[in-house]
Amino acid sequence: MSKLWESKATPQLPEPVKAVNSVPLPPKNADVLTTACDYCTVACGYKVYRWPVGKDGGGKAGQNAMGVSFPHQNMNTASWASPAQHTIVSHKGKPHHVIVVPDKDATVVNPGGNHSIRGGTLAQKCFNPETRTRERLQHPMLRVNGKLTPVPWDLATDVMADISKYVIAKHGEHAWAIKMYSYQYFENTYAITRLGMTSIGTPSIAPHDKCANTNDATGLDDAGIDSFAASYQDWADCEVAFLSGVDPYETKTTLFTSWMMPGDKKFIFVTPHKTMGVAWAVSQGRGMWLPIIPGTDTVLHNAIARIIIENGWQDQEFIDKWIANQWEVDQGYGRGTRNTGWQWRTTWGNWQSDWADYQKFILGAEESKLDVAAKMTGLDAADIRKAAEWIAKPVNGKRPKASFMLEKGNYWTNNYMNTTSFVSMGLICGAGNRPGRVISRGGGHQRGMVSAGGGSGWLNPEKYPGRRKKDFNLDRWVMDGQVKFAWVFGTTWIAAMMGSQTLATKMLEQTRGNANQITSLDRAAIFEVLKKRVDSGGMVLVDSDIYPVEPINTDIADIVLPAATWGEENFTRCNSERRLRLYSKFYDAPGEAKPDWWAVQQFARKMGFDADGSYNWKDSNDVFEEAARFSRGGVLNYHPLVMEAKKKGVKAQEFLRTYGTTGIQTPIRVRDGKLVGTVRLHDPTNNWGEMEQAEVQSPFMYAFNTHSGKAILLKSPWKFGGWIQYYDAIKPRAEKGEIWVTNGRVNETWQSAFDDMRKAHLHQRWPWPPIFIHPNDAKPKGIESGDLVKVHNDTVYIQTGQPTGVKDPDLFFNNLMKEGHIQTTEGSFTAVAIVSDEMRPGVAMASFNFPGAPANAVVSAVPDPVTNNYRYKLGRGTLTKVGESPFKHNFTAMSLKPRPIV
Amino acid sequence: MTQTIQIHDHAHEADGDRLCMSRRQFLLSGGAVVTLTALPGLAQAQALKVGFNRQKIGKLSALKVGEPVAFNYPFADVRNILVKMGTPGGGGIGAGKDIVAFNQQCTHMGGPLDGTYKAQHQALGPCPLHLTTFDLTRHGMVISGHATESLPQIVLEVQGDDIYATGVMGLVYGHASNGKA
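Chains as they are written, first to last, in my numbering: chain U, 4 to 905; chain D, -15 to 165.
One chain only, chain D, in its complex shape (with noise of 0.2 angstroms):
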């Protein structure tokens, strides 16, 4: 048996009026947030956030390895963890690429994930509806369970110490749009 590993492409797509960033993008441009963070400039931030706010949610220097924080992002109500895994994740921020921040409703019947995160295994999960459970360092993917879609995953970027929220990849459960309120 042959094993094959596939080469990407590096085409960015354009994706709409809204969001704008898909996955695949986002996982293209892992490089670029490295250079935000070494180079803070606006011009490059705002490259990466068309349709969503910029908003401050925590800083570096806080958080500890597996002790997640919660931050409310787009919308007021819409409730999400930012978290420090110890272990690198896709769409990971810092030296490590292990901070990674996710949507905390189940994209299954919208049951909460509040509280649930296991920090052994990266997860987040079981849902305490119909127990499905979330594979952080990978983008949110279902490991077990019901969700039809991954968590929606929050784009974060890193100004200094400072730790902002850019963008949401993925509908948030309840919506139609991300976008609308």
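The shape of chain U in the complex, shown without the other chains (with noise of 0.2 angstroms):
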């Protein structure tokens, strides 16, 4: 392999942020739309007033759309406009003013207009070229002598089809990949998911945060609960939040402000980074903070279910009712006991247990007894203890309330254990279904995925052990030169998958590194060019996004497509409460921009999958519409709404539009001829009996997921040999001088940082990616705050072939290394030095996926064996400063200050 691809972007401080001393308002006839936010799981609901230039509003409640007076000092309340909330936009072709705030009328979600920082500067994302949104892609582009060269949407399909044809007749439909968000709304993931799954039926499909099209939070669903069973009413209803590697005040900003902040509820924060939201909660008398060693959360579920059960305070009444005993375990309807998701991941037996074995297993492990928890997990014995008592330990004969939420701190460092672990621990303390009593996770991105369905996951060579059927790894697949064309769609796949820089390097080679480049704009030739392309191991991408993302459209793309977003057409979605609602269109997309369902019916028609009357969308409505049937069944079942839109002839996303930033929560049902959201799922007071219209019976609604409906308490051996070997392998090196490099999202960027750094006031606060640093980790280096600071791990491991196990441990990671399947190579990353004690000492977080500075490049890339997930989390690296940032010794950029003051 050549030499690795490095990042070509800089520090730089940017332009300084212009201070705006007004701002215009609506005036009174001013176009009113609803929507949500873009960005977090929680969805906050907006507003959006739109009026025409030179027809501003006055400052009295009565010449005014928002029906306010200003100057005012109405706290608390979303009733001014900061000057971020404002943009000019195209709106059929003329300017016009609009103002994006938050929904002041809102009784859900966000009540009263709360918001982040990220969804209160929605504005500055839409497109207007006196800002850096100006960088938006606006038409079809072709790489042509090395040069991204506009080129109409129809050559560019053209293109597309021609190769297409030839790789799935000559290598086959899983040489033909998608790369994809799983999130950005119903109607582009439905056309999608039609395309790759069904038109095509291709196996080589992987979301925007996997490698494999596989769980999440994998424990929770083996125990039968959903990942996003609760409301965000439980979360304000419980008494105390055990939070696993999350603090949702950073990431899920108004679920933590509005639900949980107030009230007296006390919390239990399990992260190494003590962030706002856990310094808050510690300093008003509410919080501990968990500084957990990264990997070692198993370890403390086990020693708190320890405790629980040696002091009988586990939930008795809950567990003899709703636990699964031995038999309900291995039960099935008939489909046999090894006919599920859980069985093919669990064929050898270690994790099914009941109440009786669960406290065998916990009483009799090592590594449960308090003080050796306590030396593993790097926590004080005495904290370990309290937190047990603090969600279980009764007060005058009364349970505490206590709900669990995980995120990616817990279940990407051990993707399996640290949810199994995780789940029992909440089940045996009576949460799970009850109001207040919930497990769930707080979510990433919001719930836009309608699946088509079709998967041709047996076309995987890749197999569990017992041959069973294991999910496609694509990166692999890539690694391997097996992908010959793939489709990307708004994703930055590399800096987001794990071994970034290796990844790059590879895909470069495939595509710019292969001698046959397209050199005209003539449809025939480029066809010869790129069948010789794949032929000689090549590959073809095409990337469609709204803006460049190094280096997956600017440096590798051979196809660049602009894709139509937020506010530029009708969309819908849930966030992580399942809350479906319509993100309306308000203004003109820039340039030949178009929504992504839209360049996917191109596509498909080219390639013929229209003769049978599918693809005929005459716009997003249509596609909603069609994508219905298939959301039936699941958790996102909106069906009925669509049935009753047609009962009243109206098209669904008007219906929808009714309900504006209220929504209703999914699965919707009926009821005395009403639609009906479902608040919680799992829950016994769902079950309505016989169902009025034509739904679906779920019997996840009032019970568990499982097939006897009740939950499976699963022990977590830490020992096991899937685990253990790979994790005693990517630990930092203490002869080497290697710390834990852990990564995350810092609240004020929104994942890649895509409209943040076009966004004024965001980009000057976080203009590079910072690393947190602990004074002791950082003093022996000379790093001081503003210091760039390199990252390096000489050892990064990833993953190749093929593998199929047929016994246990083939796929563990020591029989892979042995049987030539693990590949060594090195990993590095600079980022802003922030020296702050808000770490725990022998941990440095760093940004992850900001563009420049990939921190996921020092993470090895050898999915988790039980889940073919990835352990995002678990990086390493010497820290060595490399000289001072330019925002060491500035005032305009980066404050450097610690984030949690309180």
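These aren't lab readings, by the way, just hints derived from the structure by calculation.
All residues carry an ideal CB built from backbone N, CA and C; glycine is no exception.
Mixed in with the good hints, there may be bad ones.
To be verified - Output of the computed footprint for chain U on chain D, the stretches with three or more beta carbons under 8 angstroms from beta carbons of chain U:
no.	segment
1	41 to 55
2	91 to 102
3	118 to 124
Could you use the hints to bring the two separately framed chains together as a complex?
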């Protein structure tokens, strides 16, 4: 392999932000549309006021559409528009002011118009050539003689169809791949999966955040709990929140500030980073900070479970009623006991348990002893005991109402065992299906996936032991040179995956590094070149996005397609409490940008997939209505809403519009002729018996999602080879001076900063990604806040090939290494130091997926053999000061203050 | 990796009919402020305060490091603090360029920041409503939290021992325009 790819971006001082001292007000007759935030999983409700330039309203309540007199002192209600909430857009070809403000009339999600800094600056995301949004992709482009050249949509999709037909015929459908977001609206995800899964039937599809189309919090799934079972009201109603690998203040803002902060709820934060939510809760006497050593959560969960069991604090009544016994664990509905994802993954029988067996396991495990666990997790024994008391010890005979939230700090360190041990700990406390007593993910992206289905996972050469079906690992398929054509939808792909420098290098070799490059705009000539490309070990890559993204479309892609996004099309999706809303179109997409469903439609027609009448959509509403039946039977079921709209003779999206920012929680049901949302999954009060209409009776609504309807307690043996061999191999090595280099998102940045770096206010805040380092780790290296620090890991492991498991340990790390399925490479990135005791010593935290500094470069790309998902947060490396950043001695960009100041 | 430090051009921009000193201009005119302290003169002072009143708000000799003083500006009901931080900051005046003034209403949802100055970090906050913190060494930039604007900074001038407020950079919470009452 050639020299590893490195980003060309460098840290630069941004233009200082111009202070604005006024904001125009919408006139009384301004158009008002509802939408929800494009970013985090909470999806606050917003209103868009739109009016023609030159027709501003006045400052008195009767003179503007906001109905508010200015100036005012109304606190804590969204009755003010900040300058960042205003921009000028094109609507039907004419310049219009828009103000995008949180909905002050909201009664759900963000009551009163609470909001985050991300959503609060949504207006700055809208295309306006006066701002850096001018960098939007506006025309389809083809890389000719190495340079991206604007071409018509027609030629771009002709070229794609020509080579796709050739690739599928000659190399097979599995050589034709899709890398896609799982969240960017029902209309797009349905169209993309219809193309990939139904029409082409390729198994080579992976979502934005995983190498394979596999589970997230897999232990929850296997216990029978949907990851999004809870409602925000549950997080408000609980008395104690156990928060594993997450500070919702940072990443799920209004869920924390509107629903969790008020009252006297107690918080237990398990994370090596003391962020603002943690520091605040501790300062109020309402919080505990458990700064855990990365990857050891399983030990903590089992130690807490042991304390609970030894003291008899478990919720016995709940356990007797809701925990599967030995026979129920293996129960099937005539499908056999081995025909579930759970059984495929766990054939070797380490995990499943019942209450008696689980107690025996917990009490017999060396690692669950308090003193042993304290040492392994790096926590105080007294704190572990206190956490157990908070979540389980009855006070005056009354059990505390405890809820359990997990996110990526949990399931992206030890994917399977952290989730199995977590869910078991929650279940014995009586959580899982009652108000204020829930076990759920906090959520990352919103829930915007409706899959058309028809998965072809059986084509995957890689199998679980027992030769059971395993989801396709797309990264590995690329690394093996098996992908001949890939279409990427709205994801950075590379920086979001592991061993990212190595992946980028390989993809560059297969595209730009191949001798066969396009040199003309002649369709036939292009086809000839690309045929030679794919037949000589190369790959053709198409990228659909809204901005230039390094390196996937700036350096690698042959074809770049401009996408229309939030605000530029009517879209729909759910948030993390399954709340479905319409995201209104309110302005013109730039240039020739089109929504992804439209691009898919053009391509599908050229492939001839429309011969049976498919892909015959006139607008996004047509896609929304068609996709509805594929949501039936799932937790995002909105089919009854579409049925009701048809009855009323209105478009389903327009019917949804009448629900405003309130929307309706899926699965939607019908009672007394009215649509009714679902607050909580698995809750027995959801059992209504017979359905009124053409609905699917889904047992997961009122029971746990298992064959028996009872939850399954799962054991989590720390020494399990599929985990411990990997953990031992990737831990920081003292002899090399390495420390843990974990990664995550800071509050003020959304994902890859694709919008934030074009929002002046947010770009000056984070012009370059930070790395938070404890003074004990920084001082010996001479590192001060504001210095540029290079993080280097000289041993990054990448799994290769398509090994088939026959016996249990075949796919464990040591055997993969022995069999030659592990490639050893390296990785590095450079970030700006913030030296602060907010970190646990020995653990640094870098910003993940930020352009120019992919922190995933120092993490190994060897998936959890049980779940086929990466352990993203377990990076390591040495820290070296390479100089001072331009931000160290300046007054305009990048505050270097610690994050938690209370 | 190469490290680039951007050099700014010194063009001043016209900025509408109101305040008019953009944050950018303000930064660039940092030297001019120093000049003013050395050469007090009405002509130069006026050049910096278009659209705002000039109001005496304190004395250099009376300020103690880390102890903020409250004042109202540009309107009687708009609360600000004047603070000598003990470390230089953007727009800072005085010999140490460490005296700054900021509005005290959170630019997220109007929460009161009164009494939240953290001397150790030269920060204002956390806001009692949603915990936003602001870096007073960097023009009121958000450190952590949810305000969609930096905290409005009060433009200061020094004349002898007297400190004057001469303008506001940024829109004060609850206002559609800083110029209208």
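For each hint, the structure was consulted:
Taking a C-beta to C-beta cut-off of 8 angstroms, the segment 41 to 55 of chain D contributes 0 residues in contact with chain U, too few for the three needed, and the coverage statement is violated. Check result for the segment 91 to 102 of chain D against chain U: holds, 7 residues qualifying (beta carbon to beta carbon below 8 angstroms, three or more required). With 4 residues having a Cβ less than 8 angstroms from any Cβ of chain U, the segment 118 to 124 of chain D passes the three-residue criterion, so the hint holds.
Hint compliance for this structure: hint 1 alone is broken.
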